[in-house]
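Enquirer: So the chains spell out like this:
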Amino acid sequence: MSNPLKTSLLTLDARTKKRNAAETRFRAYGIAAIGAGLAMLILLLVTIFGKGLGAFQQTFVTLNVPLLEEKLDKNGTRDLEKIKKVSTFGYAPLLKKAMEETLTEYGIETNLKSKKQAALLSKSAAAQLRNYVLANTDMIGETVEFTFLANARVDGYLKDRVTRESIANDKSINAAQLDMVDALLAAEVIEKRFNLSFITGADASDQRPEAAGMGVSMLGSFFMMLVVLALALPIGVAASIYLEEFAPKNWITDIIEVNISNLAAVPSIVFGILGLAVFINSVHLPQSAPLVGGLVLTLMTLPTIIISTRASLKSVPPSIRDAALGVGASKMQSVFHHVLPLAAPGIFTGTIIGLAQALGETAPLLLIGMIGFIASNAPDSVASGFLDPNSAMPAQIYEWAKRADPAFYERAWGGIIILLVFLITMNTIAVILRRRFERRW
Amino acid sequence: MSAFWLTLTVLVLSALGVVIGRARAVSVAGGDVRKLHSLPKYYGIFVGFTVLIPSLLLLILWLVTPPLEQVSTQPRMFVVLGIAVLLMVLSLIRITPDLRARNAVERVVLGLLITAASLAILTTIGIVLSMLFETRNFFGLHSWKDFFFGLKWAPNFRGDSELSILPLLWGTIYISLVALLVSVPIGLFAAIYLSEYAGPKTRGVSKPLLEILAGIPTIVYGLFALLTVGPLLLRTFGSGGLLGVDWMTGATAVLTAGLVMGIMLIPFVSSLSDDIINAVPQAMRDGSLGLGATKSETIRQVVIPAALPGIVGAILLAASRAIGETMIVVLGAGALAKFSLDPLEAMTTITTRIVSQLTGDGDFASPETLVAFALGLTLFVLTLGLNVIALYIVRTYREQYE
Amino acid sequence: MKDTSMDTIKISAKDVQVYYADNHAIKDVNVDIADKTVTAFIGPSGCGKSTFLRCLNRMNDTIDICHVEGDILIDGEDIYDRRVDPVQLRAKVGMVFQKPNPFPKSIYDNVAYGPRIHGLARAKSDLDEIVEKSLRSAAIWDEVKDRLDAPGTGLSGGQQQRLCIARAVATAPEVLLMDEPCSALDPIATAQVEELIDELRQNFAVVIVTHSMQQAARVSQKTAFFHLGNLVEYGDTNQIFTKPSDPRTESYITGRIG
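Protein chains in written order, with numbering that gives the first Met the number 0: chain S, 0 to 440; chain Z, 0 to 401; chain X, 0 to 257.
In isolation and in its complexed conformation, chain S is listed as follows:
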């Protein structure tokens, strides 16, 4: 049975050519698939940073506000209780006056009414003014320089989100106001600069996107992570030590193992339902509290930590255990004195990755009520940090995504940048830990 056609190896026959073409095509599919995956990653990152970086800059208006005595303290008694009676509405005329004076000072002509002029400022401006006056009653009667947040529309105009075309149906701003913004911009009364309070500040009502910040929800996430760390790490390590070192090989152990690998794949929202039913409805823990969020995320993170801890315990060679047992240590001593320290880097790496996963998780938090309100009060003590209603970073982002104002969308993307910075930092630490302490036996 020899080949009837004696062919030379140096020339490719037609069939081989065809097969090689198929080979090249197949290879190209592989490259295309990887290219598609990487393109998605780039598109995602470009979108996030393109749309989110704007949130770190904000438009401010600098005005000299005359703190008129006749408006704030009619009797001139400087009695704090009396001054407190003046609500933020009482401060509005001051803002109008300050705006008018500024326009005159720079010779800017406009036929807008003073109310429309002052509408360029954020609705938080009056409150900012009032807080200042209540803290500095002696300044009443003087003229003080203030830096106010500009209205979100003005901010959007400076960031090209709001254009003269797009405001056609917008009641809150008109072309004349934009003309005024242009003039004030030229006069450097309005300027765009870095906005720290987006990172440190509290959430604001849906009327004032320009004042909303991530700070309070970051604290919420922080307290949740404390709970997760304090519970998931010890419980996860203890469970892994038992399963890996002590558990007899029987059906109960088998069930626990199968159970853990399945829990790792249970949809996160199911943990939210569990949290709602058990921690809130049965145990009556406070709704929306980071403590509850932390408990739910602990249950969710445990399987991840257990799986990675067991892997690192498994990687410690049995000879180490034998050596310890050989010099008369008890089984417990050999595990706690020798195996556990050697497995520690792996355990910490797994824990950090588990924490990062928990930090970005949103779905269960929706069900235990960490959304749907304005997380505006920073906790004032450790107990309030755990127990008072708060939001969390991903829940805050979701909340902003639902408020149908493009100004909030920008903040949602900006919030994602902050969240990603945390996640990248945590994962980098995990990678460094692994590289640094990786041991080959």
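These are calculated hints, taken from the structure and not from any lab test.
Mixed in with the good hints there might be a few duds.
Capping the alpha-carbon separation at 27 Å, the derived lysine-lysine pairs in DSS-like fashion look like this [stated by the list, open to error]:
1. K9/X / K16/S
2. K16/S / K35/X
3. K17/S / K91/X
4. K112/S / K95/S
5. K313/S / K206/Z
6. K35/X / K17/S
7. K16/S / K294/Z
8. K98/X / K123/X
9. K294/Z / K17/S
10. K401/S / K337/Z
11. K17/S / K104/X
12. K114/S / K73/S
13. K83/S / K95/S
14. K294/Z / K35/X
15. K112/S / K81/S
16. K98/X / K16/S
17. K191/S / K112/S
18. K294/Z / K91/X
19. K104/X / K294/Z
20. K337/Z / K330/S
21. K112/S / K122/S
22. K112/S / K170/S
23. K81/S / K70/S
24. K98/X / K294/Z
25. K330/S / K206/Z
26. K96/S / K122/S
27. K191/S / K114/S
Fit chains Z and X to the known structure of chain S by using the hints.
Expert: Below, chains Z and X without anything else, positioned relative to chain S:
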């Protein structure tokens, strides 16, 4: 005294027990620790555990027992602290050189380890029981026939709701299918390229880069669907769009959610398949190459058929992920429960309805709210079934080549 | 032993060097392998005999760090020429491996795999014929003819190895390379495969790597002894085993090294 401070006091007491217990062990041995059965520190820990564990258990019991919750905190403090001090004295008296303190301590530690390990079981039981209980309440208020076999999802807070899971299940499955159609070919081809063709350098760079996609939180994908992909599709398929057709009316749609979920699942499919393809023995490839097969013929006709069960397992795991995914569909899929084949229409899923029924203002005892637990239980059973099958297939596959 | 055209040179290797990264694995190997002959490569493990065998059908191409220098000619054509496609070469130079490695397919599909990818059969009947002929020539037809649809992995080790030989024969090669084909088999299966090798000689040039000197003596007409990457001695099997000219060969054969 609040529960927090009481816990702290108990902790301090047991720490004190550790110190005193250790000192007492040394003194009963007359300063010669060799006379003791165990190292002195074990006597200390023995006392510490004896104080800590019963007092804390008592406190927890007190906190969760309804009739005792009403009692003021004063007696609670006295009872708990009294017991703690009593236990400390008793355990200190028990210390003699012959006391096997280390064995006692190790038994307690083992008990703690077992407790931690059983928490996994407890969680599962908790999930099942909490949902079963509320689901039973739901079926008490609403016909189970309508839930499983009805055709309409129309919650109505005045009553008379039609709450059938079927339209939601259809939306869930449809969106998951779209997601798998995106992620399986891309993920599988990426895995094939990475494991069979790529050199160590390409592999070292592209694999971690692809895996970044898996580490991005789902809220980010949700936002991406709602604010980027949805509007992009609308500009393409909507009226006055690039194609000049009018097939799409809103940014939220099956395709929006499915596409984005597909992107999310790419690294999931690729890294699972990568592991599985790598488990195919090299001898199998050599056999094929030695017969003059090209690499792609080897992959298509030998490696993939050999890896098929594992790949099917990986796809099932990805499907279970897709079915349980929440944030992408909450933000990207829309809220319309209907049977439709049009991928450009908004549709809703089981997870989105769970979120909306439980975050609304409805009465907690109404069927409209309780239905969320029945949905959750169905979702749990569905994903659990998929996972069990998938993990079983993957495990049998691995054992075959070990 | 039937005397066929033993003097036609099938493969000719000149100054072959093989490097694994910086490791010089094969040094200056020159050898002429005759057609219709069984040539055995022997030597202690790690001596490079398998590496050299894998050069003959360019299986080393699949290892990135491996690098081959020198000329290997088959029928006067350099197989490392840029124009040569290893795929076409391997159809001409078949290979059987150390561990039986049937594909996870039916027995029939295992044997039909090569003919299918190389397009050797025009119709189903042609393919059936090739499969039967190959299984017969691998002396396994009678054992499997009733269960051609059964998976190849379900056979015993010896049967699997003969199936792999049938699979290699089915692509109508001119040279058959065997890399320790009996090392994973029991003595009875080994005897069957050895018998088969002797029969295959009528149609192919067979090159077999073996760690067993007895096996080399039983099946081969020519023997090459490798040591530390060098081809120490090459000649008629009888001569190598009875009066080796190199002291290293003698030490190996008498069991002093290896």
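Enquirer: Hint by hint, note whether the structure agrees.
Expert: Results of checking the hints against the structure:
no.	hint	verdict
1	K9/X / K16/S	26 Å, holds
2	K16/S / K35/X	31 Å, violated
3	K17/S / K91/X	18 Å, holds
4	K112/S / K95/S	9 Å, holds
5	K313/S / K206/Z	25 Å, holds
6	K35/X / K17/S	32 Å, violated
7	K16/S / K294/Z	14 Å, holds
8	K98/X / K123/X	30 Å, violated
9	K294/Z / K17/S	14 Å, holds
10	K401/S / K337/Z	23 Å, holds
11	K17/S / K104/X	25 Å, holds
12	K114/S / K73/S	23 Å, holds
13	K83/S / K95/S	21 Å, holds
14	K294/Z / K35/X	30 Å, violated
15	K112/S / K81/S	31 Å, violated
16	K98/X / K16/S	32 Å, violated
17	K191/S / K112/S	25 Å, holds
18	K294/Z / K91/X	17 Å, holds
19	K104/X / K294/Z	18 Å, holds
20	K337/Z / K330/S	60 Å, violated
21	K112/S / K122/S	17 Å, holds
22	K112/S / K170/S	15 Å, holds
23	K81/S / K70/S	12 Å, holds
24	K98/X / K294/Z	21 Å, holds
25	K330/S / K206/Z	40 Å, violated
26	K96/S / K122/S	16 Å, holds
27	K191/S / K114/S	23 Å, holds
Violated hints, in rising order: 2, 6, 8, 14, 15, 16, 20, 25; the structure is consistent with all others.
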